[in-house]
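Enquirer: Residues per chain are reported as follows:
2 protein chains.
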Amino acid sequence: MITVQEAEKLILDSIGEIDPETVAIDAALGRCLREPINADRALPPFDRATMDGIAINSSTYNTGQRKFKIGGTAPAGAPQQALPELKACLEIMTGAPLPQMADCVVKIEDLEIKDDTAILPDGLQLDFHTAVHAQGSDCKSGAELLSPNRKLTAKEIAIAASVGKAEVSVSRSPRIAIVSTGDELVSIEQTPEPHQIRRSNDLTLSTALVSAGFPNVERVHIPDDQEQIETQLRELMQRCDSIILAGGVSKGKYDYIPETLAKLGVSIRFQWVSQRPGKPMWYGQFSRDGARLPVFALPGNPVSCFTCLRRYVIPALEKWIGLPPAKPCYAKLNHDLTFKPELTLFLPAVAEPKASGELWATPALFNTSGDFVSVAKTDGFIELPKSRKIFPEGEAFQFYPWPI
Amino acid sequence: MITVQEAEKLILDSIGEIDPETVAIDAALGRCLREPINADRALPPFDRATMDGIAINSSTYNTGQRKFKIGGTAPAGAPQQALPELKACLEIMTGAPLPQMADCVVKIEDLEIKDDTAILPDGLQLDFHTAVHAQGSDCKSGAELLSPNRKLTAKEIAIAASVGKAEVSVSRSPRIAIVSTGDELVSIEQTPEPHQIRRSNDLTLSTALVSAGFPNVERVHIPDDQEQIETQLRELMQRCDSIILAGGVSKGKYDYIPETLAKLGVSIRFQWVSQRPGKPMWYGQFSRDGARLPVFALPGNPVSCFTCLRRYVIPALEKWIGLPPAKPCYAKLNHDLTFKPELTLFLPAVAEPKASGELWATPALFNTSGDFVSVAKTDGFIELPKSRKIFPEGEAFQFYPWPI
Chain X
1 MITVQEAEKL ILDSIGEIDP ETVAIDAALG RCLREPINAD RALPPFDRAT
51 MDGIAINSST YNTGQRKFKI GGTAPAGAPQ QALPELKACL EIMTGAPLPQ
101 MADCVVKIED LEIKDDTAIL PDGLQLDFHT AVHAQGSDCK SGAELLSPNR
151 KLTAKEIAIA ASVGKAEVSV SRSPRIAIVS TGDELVSIEQ TPEPHQIRRS
201 NDLTLSTALV SAGFPNVERV HIPDDQEQIE TQLRELMQRC DSIILAGGVS
251 KGKYDYIPET LAKLGVSIRF QWVSQRPGKP MWYGQFSRDG ARLPVFALPG
301 NPVSCFTCLR RYVIPALEKW IGLPPAKPCY AKLNHDLTFK PELTLFLPAV
351 AEPKASGELW ATPALFNTSG DFVSVAKTDG FIELPKSRKI FPEGEAFQFY
401 PWPI
Chain A
1 MITVQEAEKL ILDSIGEIDP ETVAIDAALG RCLREPINAD RALPPFDRAT
51 MDGIAINSST YNTGQRKFKI GGTAPAGAPQ QALPELKACL EIMTGAPLPQ
101 MADCVVKIED LEIKDDTAIL PDGLQLDFHT AVHAQGSDCK SGAELLSPNR
151 KLTAKEIAIA ASVGKAEVSV SRSPRIAIVS TGDELVSIEQ TPEPHQIRRS
201 NDLTLSTALV SAGFPNVERV HIPDDQEQIE TQLRELMQRC DSIILAGGVS
251 KGKYDYIPET LAKLGVSIRF QWVSQRPGKP MWYGQFSRDG ARLPVFALPG
301 NPVSCFTCLR RYVIPALEKW IGLPPAKPCY AKLNHDLTFK PELTLFLPAV
351 AEPKASGELW ATPALFNTSG DFVSVAKTDG FIELPKSRKI FPEGEAFQFY
401 PWPI
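Protein sequence lines, in the order shown, are assigned to chains X and A.
Residue numbering for the first sequence follows full-length UniProt numbering, starting at 1 and increasing by one per position.
Residue numbering for the second sequence follows full-length UniProt numbering, starting at 1 and increasing by one per position.
In short, the hints are calculated from the structure, not lab data.
Mixed in with the good hints, there may be bad ones.
If several chains are the same, the list does not tell them apart, and a pair holds so long as it fits within one copy or across any two.
[Unchecked claim] Quick list of in silico lysine to aspartate or glutamate cross-link-like pairs, DMTMM-like style, CA-CA up to 25 Å:
| id | residue 1 | residue 2 |
| --- | --- | --- |
| 1 | K327 | E383 |
| 2 | K389 | E235 |
| 3 | K279 | E112 |
| 4 | K67 | E109 |
| 5 | K340 | E383 |
| 6 | K354 | D336 |
| 7 | K386 | E8 |
| 8 | K107 | E259 |
| 9 | K327 | E352 |
| 10 | K354 | E167 |
| 11 | K332 | E393 |
| 12 | K377 | D40 |
| 13 | K151 | E218 |
| 14 | K332 | E395 |
| 15 | K319 | D241 |
| 16 | K377 | E393 |
| 17 | K377 | E17 |
| 18 | K107 | D183 |
| 19 | K332 | E352 |
| 20 | K340 | D110 |
| 21 | K354 | E383 |
| 22 | K389 | D110 |
| 23 | K354 | E393 |
| 24 | K87 | D127 |
Here the structure is a predicted model, which is why all the values come from computation and not from measurement.
All chains should be built: construct the whole structure from the sequences, respecting the hints.
Expert: Set out below in C-alpha cells:
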C-alpha cells in the first residue's frame, strides 16, 4: 500500500503531453494553449482616445486659452485626422485616433459647446496624453502576450482575437471512456429490486469531467462477466485515450477487472493507497502508437469514486493536456478532529470564505463513505495527513474544491 | 450617477425568475434545479456490505468461534440470501445485501480461507453492523435530498440519478444576444488599418457567459448606423431573452444606442455608475409576453466591459435562472494603495491562496483600462469602496474571480 503522495507522484510522473491540434478561436474556450500568442502590431496601434470629448493640444489650455473652435469630428473607426490649427479642437469619440497636433482629450462632462465652440472651465488638469491610451503602451509589436501551456478562458481568447488569431493551436481533448461494472446496478429509468441500486457513478464521473474541462467522455456499462469485460475493454483501448473504471477493483471474487486489464497489456503502476475513502484504487498504463495511455480504476463506492476522481484523475488529465498544476487552496478547520487510522483522510467540507480573507472548512457529518447525500452539501474536501491523529481547530489544511 | 451598490440593487430587484423546462438528467449539468428531489426508497435500500469479505453473526465470533464454514457467495446485485446456520458464513462482495442472520462483514484482509472454511484471527473488533452501511441510514423514503434552486453539478446529478430522476425540471437557459457596435472594429480575420482594431469584446463576453453557465449566446455586430441599429435591435428583442451591448453607451456623438433602445420600448433603469472602470454603463428592461427582460449596455472598453459583465451581468443572470447569490469571497491587499477619485475601484489582481488559509490579492500594474494584456495575468478583481481613499496592506476586500 502506497501513500497519497507516492500515488500522486507515480501518476503525474507517468503522464506526458497529449498532441496539439488547431481549432477556431471561438471553439477554443477551456482548451490548453500550445503556441505563444504574439502582438502583430503595437498595442494600442495608435494614440487612442479613452473618453468622448474634444482633442486639443494641452499647451494651449495651459497657457490660458479657454475657447476652442470645433474643426470637425474624429469618430472611432476613421483614419487619423489633424487639428485645423494648434488653437482649434476636434470632437473625438472613445476609441478614435488622437488627431495630429493634439496631445490630450478633454472629456465631454468637463466642457460646454456653444455655436461650434467648446468652452472649457478653469482648473482642468490637462497634460500630454491626458485621456489618451498611448500607442505601444500595452505592448510592442512582436511581444509575447500569452505563453503556451495556459488555459484559454474568456480573457485569453480576447487577447488572441485582438491580435488576429482566428485559429489557435491547443491540446487535443482526450477521448475518455467511463466504464461501470456491477450486476447490482440498474439503469436510472428502472425501478430497482431491493438488492439493486441505480447506476449513477458513471454519470457522476462523466459530468464531473465535463465540468473540469474534459467534454470528450463516453459511458459504458459492462455486466460482471469476464468475457464481456475483456471484449469491451479491448475495444475501448483501441478507440479511447484513457479509461476510467468505476468499481470492480477491490479484492472480491467477482472483481475481474485488474486481471483482465493485465491480460490486455495494461501495466499496473499501483494498487491500494493508504487513504480513506478510496483505498482500493488502481492505476496503470497501456501503450498505443508510441503513447502511454492512463487507466484509472476507482472504487465503486460513490464517495470514494468521486473523491479519487478529484484528487488524482483531474490533476493527471490537466497535466496531460499541458496545464500547469492548479494553485493549491487551503482552509482552516472549523473544529477539532481526531482520526486514528494510519490513513490520509479526505473529509468533505463546507467552505466558508470569511470577510477577513480567510477560508474556513466545516467538515460534513456523515455516516459512511457511501453517503453521497451529505457530500452534496459540501464544497470540496480537506486532506488530513496520515502522519497525525489530532487536528486542532484553526489549523489550515489543503482544500480540494469539487468540480462545479 | 448612482453607486455600485445602488446599481446592483436596481438590477437584482428588477429580475424575476425565468420559466422552468424539463430536460434529461444527462443534459442537466450546470442548470438550476426547479423541483425537489426526494428519496424514492430508503437509502441504502438494504443493509449493504461496505467491504469484500465474509458475512457472519458477530455474536459467534465474540463468544469464541474462529472457523466459519463458507455456505456460499453473496455477490453484489443478487437478492438477499441467508446464512445456512448461525455458525456459518457467506462470502460477500462490496455492495451486496447482508444475508439474513448475519449482522456484520469481516473484511477479506482479516481472514484466511482453507478448504471452504474462513479462519479468523483473535482480536478483531466485530460488532452489529461492522462494515455494513445500514438500510435507511442515509435517508428515509420520501426524504428531500435536494431542494430546488440549486445548481446541478456532478454531485447533485449523482443524487438525482440514484433516485431514478431520468428527467428533471430546471430553469430554461436564457437566449442572450451579445451586440457589438463600432465602425473601428474589424473581424478577427482582417488585417486592421492603423485606426482600426479587431473585434474581440463580443467573443470575450460570449465565452465568459458560456464559462459562467450560459451557453445559449449569439454574437451580432452592427455598424454605427442608426437605422441598422434600430432594425437589428428590434429583431433581437423579439427573439432573445436578454441583450448585452458592448460599446455605444457613452456620451459620444455616434452613440445612438440609448436613444434607439428607448424608442424600441426599453425603459432605462440607470445610466452612469460611480465606478472605475465602467462608468458609462446602462441598464434597462423591456416587456414581452408579460415578462420583463434585461438589457445591459456595457462600455466598449474591453476591461470595463469584462469587469461589468462579471460584477453585474453574471449575478443578474444567475438570479434570473433561480440560483441563490454566490458566496462572497474576500482577499487581503498585498500592498498599500491610494485611490483618490470618488469612485468605487475595481482592481484586477492575482489571487494568492496561502498555506495559512488566507487569500491575498496582488493588484496588477496596468496602464489604462484598455490594457487587457495585464488583466489576463490576473485571477479576478478586488473592489475598493468609494467612501475611502487609503487602503492599507493586509486589509481584506471583496474579490470577484473571473469566469474560468
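Enquirer: So, against the hints stated earlier in the document, which numbers end up violated here?
Expert: 2 and 10
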